[in-house]
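Asks: Those sequence lines, one after another, are chains H and P.
Following our numbering, the numbering of the first sequence begins with 269 at its first residue and continues without gaps.
Following our numbering, the numbering of the second sequence begins with 269 at its first residue and continues without gaps.
Read the hints as simulated data drawn from the structure, not as lab findings.
A couple of the hints might just be wrong.
Each pair may be met inside one copy or between any two copies, as identical chains are not told apart.
Said to hold, decoys possible - No more than 25 Å apart at the CA atoms, straight line, and that leaves these computed lysine-lysine pairs for DSS-like: (1) Lys-324 x Lys-372; (2) Lys-424 x Lys-437; (3) Lys-450 x Lys-417; (4) Lys-341 x Lys-417; (5) Lys-326 x Lys-371; (6) Lys-324 x Lys-297; (7) Lys-324 x Lys-437; (8) Lys-458 x Lys-437; (9) Lys-372 x Lys-287; (10) Lys-450 x Lys-341; (11) Lys-326 x Lys-426.
Each chain is listed here by its residues.
Number of protein chains: 2
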Amino acid sequence: MKVNIGKKILTANEEYAAKNRLLLSENKKLCLNMISSPGSGKTTILVRTINDLNGKIKIGVIEGDIRTDIDAKRITAAGAPAIQINTDGACHLSALQVNAALKKLPFDGIDLIFIENVGNLVCPSAFELGENAKIVVLSVAEGDDKPAKYPAIFAKSKVLLINKIDLLKTAGQVDFNIERVKTDARRLNKDIEIFPISARTGEGFAEWYRWLTESVGKLKA
Amino acid sequence: MKVNIGKKILTANEEYAAKNRLLLSENKKLCLNMISSPGSGKTTILVRTINDLNGKIKIGVIEGDIRTDIDAKRITAAGAPAIQINTDGACHLSALQVNAALKKLPFDGIDLIFIENVGNLVCPSAFELGENAKIVVLSVAEGDDKPAKYPAIFAKSKVLLINKIDLLKTAGQVDFNIERVKTDARRLNKDIEIFPISARTGEGFAEWYRWLTESVGKLKA
Chain H
269 MKVNIGKKIL TANEEYAAKN RLLLSENKKL CLNMISSPGS GKTTILVRTI
319 NDLNGKIKIG VIEGDIRTDI DAKRITAAGA PAIQINTDGA CHLSALQVNA
369 ALKKLPFDGI DLIFIENVGN LVCPSAFELG ENAKIVVLSV AEGDDKPAKY
419 PAIFAKSKVL LINKIDLLKT AGQVDFNIER VKTDARRLNK DIEIFPISAR
469 TGEGFAEWYR WLTESVGKLK A
Chain P
269 MKVNIGKKIL TANEEYAAKN RLLLSENKKL CLNMISSPGS GKTTILVRTI
319 NDLNGKIKIG VIEGDIRTDI DAKRITAAGA PAIQINTDGA CHLSALQVNA
369 ALKKLPFDGI DLIFIENVGN LVCPSAFELG ENAKIVVLSV AEGDDKPAKY
419 PAIFAKSKVL LINKIDLLKT AGQVDFNIER VKTDARRLNK DIEIFPISAR
469 TGEGFAEWYR WLTESVGKLK A
């Protein structure tokens, strides 16, 4: 008898992903799984989004971190409910962990759930959590070769947020060819939506909010 | 019968790590395993180091990437031999892959071997490759909470390179409390050597070169 361990683990995760998908669908919640390297600005993007959409879209957050509740505290301080998951060393969130967290979120007061995955551009791309879409975040400080070097997450994401574009402003601060990133990302994923933003200054967020508002609207229609 | 799969995989890796350690020791080569998030500047640090130490320390590089040979080409252009490993999706290098690459490197012309691991602050920390030491690289653009949030690699590394400090120079470009990083890293690892550098400008590299020169010297003594 041959036991394919890799496949079995993935299937168990997919089973919980399917449960999450059903739970979200029945309750008409939009769920977005944010994936990036550590320090690309996921939490800062969420804090600004929660502040700016306050009253228009009600947001809840599931925070995935290896250790600490630094990020959940930042979200809570911004006024949104946050459930912290500590993976205790694991490099990605599992659908089982997200299932437990979903049950703790106050669904009645929420339209949109962000899952902030563990900071890692590789592993989280292989684990479905039951989300409606993946959002990949790339900071300009990380360089413009990242879609070429880490293709999986760019191929699977519905949206690419190119963050920290304020660092491009001072000539020569950061070498980053935004057109190269767009071209490489679209080669992997022709329908990917790309929003260049600065979570520090707020530049570019209007387009991102339009996309979020439309996506929440479609789900409720 | 209970089969502990996790343990078995690690042991197979450790076996190759031990082979690599022996091979390196017999040949008196210093081997440093560089680990960081994608885009922290590992390759740029290596390119500058190769250029500046040209003739003083002979360097070879093993390049780990999920896809592409972009990094190996940059190293070769700087004048050092480079062996590219493509992990084809895997999130870290294995000791087996490194063993094959070590055998391809021209050992006679080399004092120091850098392994540039796959860009990932999490998974590579769990896999010994037979290296003499791990070097963790953190870019100031990633934020000062990273040792707290990703403790494993900071606890295991001999050296922390804090890169892109040129981005701190223009007030307000990047929020990063370098003292917080030093304190948090030393709480995890009291003996860690910390060198703030800019691979763009060369600032701080003298200390890094002193450490490299001493480390290569000790091995040959």
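Asks: Confirm or reject each hint.
Replies: Hints, verified against the model:
{"no.": "1", "hint": "Lys-324 x Lys-372", "verdict": "within (23 Å within a copy, 60 Å between copies)"}
{"no.": "2", "hint": "Lys-424 x Lys-437", "verdict": "neither (30 Å within a copy, 37 Å between copies)"}
{"no.": "3", "hint": "Lys-450 x Lys-417", "verdict": "within (14 Å within a copy, 30 Å between copies)"}
{"no.": "4", "hint": "Lys-341 x Lys-417", "verdict": "between (33 Å within a copy, 13 Å between copies)"}
{"no.": "5", "hint": "Lys-326 x Lys-371", "verdict": "within (17 Å within a copy, 57 Å between copies)"}
{"no.": "6", "hint": "Lys-324 x Lys-297", "verdict": "within (15 Å within a copy, 61 Å between copies)"}
{"no.": "7", "hint": "Lys-324 x Lys-437", "verdict": "neither (31 Å within a copy, 38 Å between copies)"}
{"no.": "8", "hint": "Lys-458 x Lys-437", "verdict": "neither (28 Å within a copy, 39 Å between copies)"}
{"no.": "9", "hint": "Lys-372 x Lys-287", "verdict": "within (15 Å within a copy, 49 Å between copies)"}
{"no.": "10", "hint": "Lys-450 x Lys-341", "verdict": "between (33 Å within a copy, 23 Å between copies)"}
{"no.": "11", "hint": "Lys-326 x Lys-426", "verdict": "within (21 Å within a copy, 45 Å between copies)"}
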